[in-house]
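Participant: Sequence order for the protein chains is A and B.
Residue 0 is where the first sequence starts when you use numbering that gives the first Met the number 0, and the numbers rise one by one after that.
Residue 0 is where the second sequence starts when you use numbering that gives the first Met the number 0, and the numbers rise one by one after that.
Hints may be right or wrong, so weigh each one.
To be verified - Derived lysine to aspartate or glutamate pairs resembling EDC-like cross-links, with alpha carbons at most 16 Å apart:
#1 LYS73/B - GLU32/A
#2 LYS84/B - GLU558/A
#3 LYS84/B - ASP674/A
#4 LYS189/A - ASP255/A
#5 LYS189/A - GLU558/A
#6 LYS84/B - GLU22/A
I should point out that these hints are in silico values taken from the structure, not numbers from a laboratory.
Take a look at the letters that make up each chain.
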Amino acid sequence: MSAIREWMHRLLGSLGRQRRDRELEQELQLHLELAAEDARTRGQLPEEARRAARIQLGNVSQAMEGLRDQRGLPWLDSMARDVRLGARLLRKHAVVTSAAVVSLAMALGTCIAAFSLVDALILRPLPVRQPEQLVYLTFPTYTPERPESDTFSDPLFVRLRDAGRGRVDLFAMSTQVMRPARFAGADGEKEHVRTQYLSGDAFGRLGVLPAAGRLVIAEDDSQPGTHPVAVLSHAFWMRRFGGDPTIVGRWFALEDRPFEIVGVADRRFTGVEPGRPTDIWLPYAMYNPRAFGTFGFNWFRVLGRMNENVRVEEAQSVLQAAFTGMRRDRSQGFGPNRSPQEVARFVNTPLYLRAAANGPSPLRRQFERSLWILASIAALVLLIAGSNVANLFLARAAAREHEMALRLSIGAGRSRLIQQVLIESALVAGAACALGLLFAAVAAPAVVDMLASADDPVYLDLRLDWRLAAVAGALALLTTALFGLAPAVRASGVAPIGALKSGRGRVARASAMRPFVAVQVAFGLVVLFVGSLLVLSFARLSSVNPGFSTSDVLLLSLEAVQRTEPQQQRDALFEVLDRLRSVPGVQAASSAEFTALGRAWTYNIPVPGSEHDTIEATMAPVTAGYFETMRIPVRSGRAFVPGDMRADNSTALIVNESFAARYFGRSVAVGRTLDARFGENDNSPAHEVVGVVADTRYDLREPTAPTIFIPLRLRNTGTVHVRVGGDPTALASRFRAEVRAANSMFRVTSVRSQAEDLNQTLLRERLLARLSAFFAIIGLVLAAVGLYGVLSYDVVQRTREIGIRVALGARHLSVISTVMADAGVSVLVGAACGLAGGLYLSRFVEALLFEVTPLEFWSLALPLGTLSLAALVAAILPARRATRVDPVIALRYE
Amino acid sequence: MWYSIGVSNRDASKTDVLQGTLDLMVLKTLETLGPLHGYAIAARLEQVSSGALQLNMGTLYPALMRLEQRGLLKGTWGTTDSNRKARFYALTSAGRRELEKEQQAWDRMAAIMHALLRGDA
Numbered sequence: 000m001s002a003i004r005e006w007m008h009r010l011l012g013s014l015g016r017q018r019r020d021r022e023l024e025q026e027l028q029l030h031l032e033l034a035a036e037d038a039r040t041r042g043q044l045p046e047e048a049r050r051a052a053r054i055q056l057g058n059v060s061q062a063m064e065g066l067r068d069q070r071g072l073p074w075l076d077s078m079a080r081d082v083r084l085g086a087r088l089l090r091k092h093a094v095v096t097s098a099a100v101v102s103l104a105m106a107l108g109t110c111i112a113a114f115s116l117v118d119a120l121i122l123r124p125l126p127v128r129q130p131e132q133l134v135y136l137t138f139p140t141y142t143p144e145r146p147e148s149d150t151f152s153d154p155l156f157v158r159l160r161d162a163g164r165g166r167v168d169l170f171a172m173s174t175q176v177m178r179p180a181r182f183a184g185a186d187g188e189k190e191h192v193r194t195q196y197l198s199g200d201a202f203g204r205l206g207v208l209p210a211a212g213r214l215v216i217a218e219d220d221s222q223p224g225t226h227p228v229a230v231l232s233h234a235f236w237m238r239r240f241g242g243d244p245t246i247v248g249r250w251f252a253l254e255d256r257p258f259e260i261v262g263v264a265d266r267r268f269t270g271v272e273p274g275r276p277t278d279i280w281l282p283y284a285m286y287n288p289r290a291f292g293t294f295g296f297n298w299f300r301v302l303g304r305m306n307e308n309v310r311v312e313e314a315q316s317v318l319q320a321a322f323t324g325m326r327r328d329r330s331q332g333f334g335p336n337r338s339p340q341e342v343a344r345f346v347n348t349p350l351y352l353r354a355a356a357n358g359p360s361p362l363r364r365q366f367e368r369s370l371w372i373l374a375s376i377a378a379l380v381l382l383i384a385g386s387n388v389a390n391l392f393l394a395r396a397a398a399r400e401h402e403m404a405l406r407l408s409i410g411a412g413r414s415r416l417i418q419q420v421l422i423e424s425a426l427v428a429g430a431a432c433a434l435g436l437l438f439a440a441v442a443a444p445a446v447v448d449m450l451a452s453a454d455d456p457v458y459l460d461l462r463l464d465w466r467l468a469a470v471a472g473a474l475a476l477l478t479t480a481l482f483g484l485a486p487a488v489r490a491s492g493v494a495p496i497g498a499l500k501s502g503r504g505r506v507a508r509a510s511a512m513r514p515f516v517a518v519q520v521a522f523g524l525v526v527l528f529v530g531s532l533l534v535l536s537f538a539r540l541s542s543v544n545p546g547f548s549t550s551d552v553l554l555l556s557l558e559a560v561q562r563t564e565p566q567q568q569r570d571a572l573f574e575v576l577d578r579l580r581s582v583p584g585v586q587a588a589s590s591a592e593f594t595a596l597g598r599a600w601t602y603n604i605p606v607p608g609s610e611h612d613t614i615e616a617t618m619a620p621v622t623a624g625y626f627e628t629m630r631i632p633v634r635s636g637r638a639f640v641p642g643d644m645r646a647d648n649s650t651a652l653i654v655n656e657s658f659a660a661r662y663f664g665r666s667v668a669v670g671r672t673l674d675a676r677f678g679e680n681d682n683s684p685a686h687e688v689v690g691v692v693a694d695t696r697y698d699l700r701e702p703t704a705p706t707i708f709i710p711l712r713l714r715n716t717g718t719v720h721v722r723v724g725g726d727p728t729a730l731a732s733r734f735r736a737e738v739r740a741a742n743s744m745f746r747v748t749s750v751r752s753q754a755e756d757l758n759q760t761l762l763r764e765r766l767l768a769r770l771s772a773f774f775a776i777i778g779l780v781l782a783a784v785g786l787y788g789v790l791s792y793d794v795v796q797r798t799r800e801i802g803i804r805v806a807l808g809a810r811h812l813s814v815i816s817t818v819m820a821d822a823g824v825s826v827l828v829g830a831a832c833g834l835a836g837g838l839y840l841s842r843f844v845e846a847l848l849f850e851v852t853p854l855e856f857w858s859l860a861l862p863l864g865t866l867s868l869a870a871l872v873a874a875i876l877p878a879r880r881a882t883r884v885d886p887v888i889a890l891r892y893e
Numbered sequence: 000m001w002y003s004i005g006v007s008n009r010d011a012s013k014t015d016v017l018q019g020t021l022d023l024m025v026l027k028t029l030e031t032l033g034p035l036h037g038y039a040i041a042a043r044l045e046q047v048s049s050g051a052l053q054l055n056m057g058t059l060y061p062a063l064m065r066l067e068q069r070g071l072l073k074g075t076w077g078t079t080d081s082n083r084k085a086r087f088y089a090l091t092s093a094g095r096r097e098l099e100k101e102q103q104a105w106d107r108m109a110a111i112m113h114a115l116l117r118g119d120a
């Protein structure tokens, strides 16, 4: 107990709250006086008394030292002193310090930003009760573009839920969709909100509590259409209604159906999909009634909570049994156009239970690998920055050898000197950390913005919590330890005699810096290499010709203002198209159900003459004028004419070259018939091919797919495509008015250009290319600056040697090669290691590359060339300085 | 021959033994004579040991500070007979208890050492 008391007093003493020096000195002075008096009393001569007193006097300073040590905590005091001294020294060499701080700050900042992105999207668990018990279901679909599906239909879900009871409690959550809603009465403005339907027991299973009112409960799910209730998310409640407490009980219209707001969810819960927060939750039973009881609608995900003590394998096997059973039942109803292998594959499809602790997220699947790669690159850049700073410290520490030697010779321990240098490094790292956090606070949201688009916003919760601060602190400490230690040890390993003798003190040989140079070059080359691969990949991808016009085509999404008959809608659409064509500047206008990118609707057509072969054709309903609008050449036959559109039983269809080649082989396609039934409105199975058009791509990464174009039957108006001469965006606002004027039935909800749409599909590659190029440039600049520093330091050090050589007749070239030789070896070694490392690491990036391999000419030439250029630039100035050495001055300089 | 008990803050092993001994001496002195100032304690100890124990300032005063920080002594400013300002140290009740404890420990140790060094070999 008393030991703790002592420690407390000493801590307070360190903070200056205990007995002052003056007071202590008084006590000691008294002791001396009394001692002297006693000596005189004892009969000592004044001489002796004085001498004895002087002997004692010598002890005052020692006693004071002892007292100070006892009063405070010596290690704390020494650290505080070192911090003050270090700060002063760093301020004195402001330029060097700023260079170190800024380069470290940028590197740290990018690392922190990368980590916060990785955390927000990949690592952070959902804010629900025991997230590790959550699972979600997926199964393979055996198609290349979507290898796994996680959406289910109602009857399948019901069967699975019953099967899993007692082992895993399943519940449904629909995929999030933006839907129009009106909050201010029938005439109020239409807003788009992010909605999600879920099972009545979902909130209960997740363990989410209400912040106001109540949440969706099991009762709301009992009968379809009976409980039109809605729950708001906390963020939406704050953002849209300002946290209005009277919101509970208010009614609003969603897609023109009335709903009552019964509550608000807890603040921390924003949905189960990171990056896509939901605004409004609705009961499962309130969904489109046509979706219940049919396998045709796959509109939700199935999540579940495992019961305690139930193993995943157990749950998986009961669910699998139900799943397979259902599939077997369904396969009884298959027609003859499915091969036996296909049927078997369908029935035996496995069902997977995936961990859902951090939520199922297609966004994560899309960007997970990219984010990890970017985070790794950021880490490498940090290492480069760190070695840069290490070299700076090495140079500085060497210059202070004199001071170090002095301190050693009067009794400082070596550990004390190491402590001082380490504290300076820590100060730099701390400042860089603070600056880096600021940088990350700006950079991370900027990257998230790059991931989003106007109608598909991404919101990631990038808050600065203790985990992030801990990571930042740990990184800063690690950098300090790694790169401050070597200089510190070197600095204190000085033999005092040598340093004190030569007045100026020795300086560190640049040879100590060589390993750091090699490290910088190696990591720099790795970053450059990977960056080059990604940049090349993006360049090649974006130069692929999609086969249709992009720069002058605008896409208009229309929406019917009120419900109408399909016939009326179709006529209205044609009116709109005619009106648009008459606008000056418009060269062509047409409509298509789907935009050119993507394969929304595919159909399996059996190949004639073969038993089991089918072609998976993309179906594209379009109006007349589509091929002209998109500048898709017609290879043979004709395009659609208005006559094809009006007839309800039109049998005309157009195919692309790929389809014609596969279905008809070498023979002519035009005039032939195709037997197929496309959808419920298709009455006659025999369709006639009236034209063949050139191939187009639905995804720049994939080869062209066989496509069948049919006249647009009107389930909806589709998207209007308009080709304009000149700048398309200038006419955008004009089009809204024109559409409204043509037929008041329609309203334009969004206008975007085809080019934008295309760019959106290249999002991931563009993100990777931009960011990795950014990192590569930073890394390269850091490495070049580091190299420059070491080279110029070397030249300055060896001025004398160079002077002698020049005086003896050495030529410029030989002088330069002297200086560059050593550094050159480090650069070459570093480059070799970097190349090997880059080639090895490129394996992890391969999945993201498009038509680029690590071992081709440009993949190697780009990074190596850039590095050589940078090294040359870094070496120019020091080389010049070396040749300018005047032997007379050099030899005189001491 | 006189001993100078030097205490080095850096030399822990030596310090522990000597610190403990010095603490005991100081506490006992204050118990016997009541509140004293630093010089008086040193003088008393020198007297009792017939000049063998000459306490260094650098030893005594840090020790007094330490004892005070531990709550075993309490220091107050007062005046000496010759009207000089001095800091007097007095034993606290915790100090008394500690003294009792240390004394017993010392006696035990002395007995053991005695038995070891002079007992049956």
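Participant: For each hint, tell me whether it holds in the structure or not.
Facilitator: Here is how each hint holds up against the structure:
A threshold of 16 Å between alpha carbons decides the hint, and for LYS73/B with GLU32/A the separation of about 23 Å lies outside it, so the pair is violated. About 97 Å separates the Cα atoms of LYS84/B and GLU558/A, which puts this hinted pair outside 16 Å; it is violated. For the given pair, LYS84/B sits about 119 Å from ASP674/A by alpha-carbon distance, which is inconsistent with the 16 Å threshold. Straight-line distance between C-alpha atoms of LYS189/A and ASP255/A comes to about 10 Å, which keeps the hinted pair within the 16 Å bound.
Only pairs whose Cα atoms come within 16 Å are accepted, and LYS189/A paired with GLU558/A is accepted, the gap being roughly 12 Å. About 11 Å separates the Cα atoms of LYS84/B and GLU22/A, which keeps this hinted pair within 16 Å; it holds.
In summary, the structure is inconsistent with hints 1, 2, 3 from the numbered list given earlier, while agreeing with the others.
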